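Once you have looked at the hints, place chain B on chain A.
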Amino acid sequence: MADDAIANSPLALQPEALQRFLVLYGLLWSHGEVDHTAKEVARLRNARITDCGY
Amino acid sequence: MSTWLPDVAVADGASEFDAVFGLRPDLFDAYRDFESVFWTQRLLDVEILDACRARCAQVVRAEGAPLEPVAADDPSSLLAACLALAEQFVIDPHCVTAEMRDAVVAHLGDAGLVALVEALAVFDGFTRFRTLLEIAPEPGAF
Chain A
10 MADDAIANSP LALQPEALQR FLVLYGLLWS HGEVDHTAKE VARLRNARIT DCGY
Chain B
12 MSTWLPDVAV ADGASEFDAV FGLRPDLFDA YRDFESVFWT QRLLDVEILD ACRARCAQVV
72 RAEGAPLEPV AADDPSSLLA ACLALAEQFV IDPHCVTAEM RDAVVAHLGD AGLVALVEAL
132 AVFDGFTRFR TLLEIAPEPG AF
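These protein sequences, in sequence, are chains A and B. So the first sequence is residues 10 to 63, counted in this note's numbering. So the second sequence is residues 12 to 153, counted in this note's numbering.
In short, the hints are calculated from the structure, not lab data. Fair warning: this is a prediction, and the values are worked out from it, not measured in the lab. Check the hints yourself; a few may be wrong.
As the list claims (entries may be wrong) - Facing chain A, according to a computed beta carbon distance under 10 Å, are these residues of chain B, among others:
id : residue
1  : D18
2  : A20
3  : A22
4  : D40
Stated by the list, open to error - Derived CB-CB ranges, DEER-like:
id : chain 1 : residue 1 : chain 2 : residue 2 : range
5  : A       : G35       : B       : D18       : 25 to 33 Å
6  : A       : G62       : B       : E110      : 14 to 22 Å
7  : B       : A132      : A       : T46       : 23 to 31 Å
8  : A       : E42       : B       : E79       : 35 to 43 Å
9  : B       : P17       : A       : I58       : 26 to 34 Å
To be verified - Here are the simulated lysine to any residue pairs, SDA-like style, with alpha carbons at most 25 Å apart:
id : chain 1 : residue 1 : chain 2 : residue 2
10 : A       : K48       : B       : V101
11 : A       : K48       : B       : A30
12 : A       : K48       : A       : L37
13 : A       : K48       : B       : P36
14 : A       : K48       : B       : R43
15 : A       : K48       : B       : L34
16 : A       : K48       : B       : G33
17 : A       : K48       : A       : Y34
18 : A       : K48       : B       : P104
19 : A       : K48       : B       : F137
20 : A       : K48       : B       : A76
21 : A       : K48       : A       : D13
22 : A       : K48       : B       : A132
23 : A       : K48       : B       : G136
24 : A       : K48       : B       : L144
25 : A       : K48       : B       : D23
26 : A       : K48       : B       : V133
27 : A       : K48       : B       : D135
28 : A       : K48       : B       : Y42
29 : A       : K48       : B       : A82
30 : A       : K48       : B       : P80
31 : A       : K48       : B       : D121
32 : A       : K48       : A       : W38
Heads up, the beta-carbon is just placed ideally off N, CA and C, and yes, glycines get one too.
Next comes chain A alone, as it looks inside the complex (with noise of 0.2 Å):
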């Protein structure tokens, strides 16, 4: 993970709670019933709706 831009990010001040949510995260993306591309689409929308800055 340390080539991973998150595991130099405040989140891995608490690593127990990241080693968790990037399960969740990486399920969420790799499975399910979504296709990714929809998912993606989402993704962005939902980015600039709050206006996210990455």
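Only chain B this time, still in chain A's reference frame:
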């Protein structure tokens, strides 16, 4: 009891939240594992977690949220700092100020601030999840 989802029945002793989220058991298990870490690993005091969860529920007008505003008696307390951040996080995180963050860090340090913000993300996100799907929360949640 059943939810508005036609094929989802709620077993005795379970909640609507369990039944609906359980439609994706792998995700539900991972969610449980993540959500529980704040409590089981004592990343924050239980009093702080409970109060912030209640305040988030009030701000988004969630079913079952406490009627009386959740507030701290001492404005310089840890609880007051956490509640102020929790409220603004739900309303508009862009308006969380450095002073709000510093007030939490003064009590909890940087790691404590991270734990609080992660917990707020869970409370806010899954309160909205329940509201949107019109499902009742688990006992003790909102």
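Structure-based check of each hint:
no., hint, verdict
1, D18, "14 Å, violated"
2, A20, "20 Å, violated"
3, A22, "22 Å, violated"
4, D40, "9 Å, holds"
5, A:G35 <-> B:D18: 25 to 33 Å, "28 Å, holds"
6, A:G62 <-> B:E110: 14 to 22 Å, "21 Å, holds"
7, B:A132 <-> A:T46: 23 to 31 Å, "25 Å, holds"
8, A:E42 <-> B:E79: 35 to 43 Å, "40 Å, holds"
9, B:P17 <-> A:I58: 26 to 34 Å, "30 Å, holds"
10, A:K48 <-> B:V101, "23 Å, holds"
11, A:K48 <-> B:A30, "23 Å, holds"
12, A:K48 <-> A:L37, "9 Å, holds"
13, A:K48 <-> B:P36, "19 Å, holds"
14, A:K48 <-> B:R43, "22 Å, holds"
15, A:K48 <-> B:L34, "18 Å, holds"
16, A:K48 <-> B:G33, "20 Å, holds"
17, A:K48 <-> A:Y34, "12 Å, holds"
18, A:K48 <-> B:P104, "23 Å, holds"
19, A:K48 <-> B:F137, "18 Å, holds"
20, A:K48 <-> B:A76, "30 Å, violated"
21, A:K48 <-> A:D13, "21 Å, holds"
22, A:K48 <-> B:A132, "19 Å, holds"
23, A:K48 <-> B:G136, "16 Å, holds"
24, A:K48 <-> B:L144, "18 Å, holds"
25, A:K48 <-> B:D23, "34 Å, violated"
26, A:K48 <-> B:V133, "19 Å, holds"
27, A:K48 <-> B:D135, "20 Å, holds"
28, A:K48 <-> B:Y42, "18 Å, holds"
29, A:K48 <-> B:A82, "38 Å, violated"
30, A:K48 <-> B:P80, "36 Å, violated"
31, A:K48 <-> B:D121, "32 Å, violated"
32, A:K48 <-> A:W38, "8 Å, holds"
In terms of the numbered hints stated before, the structure departs from hints 1, 2, 3, 20, 25, 29, 30, 31, listed from lowest to highest.
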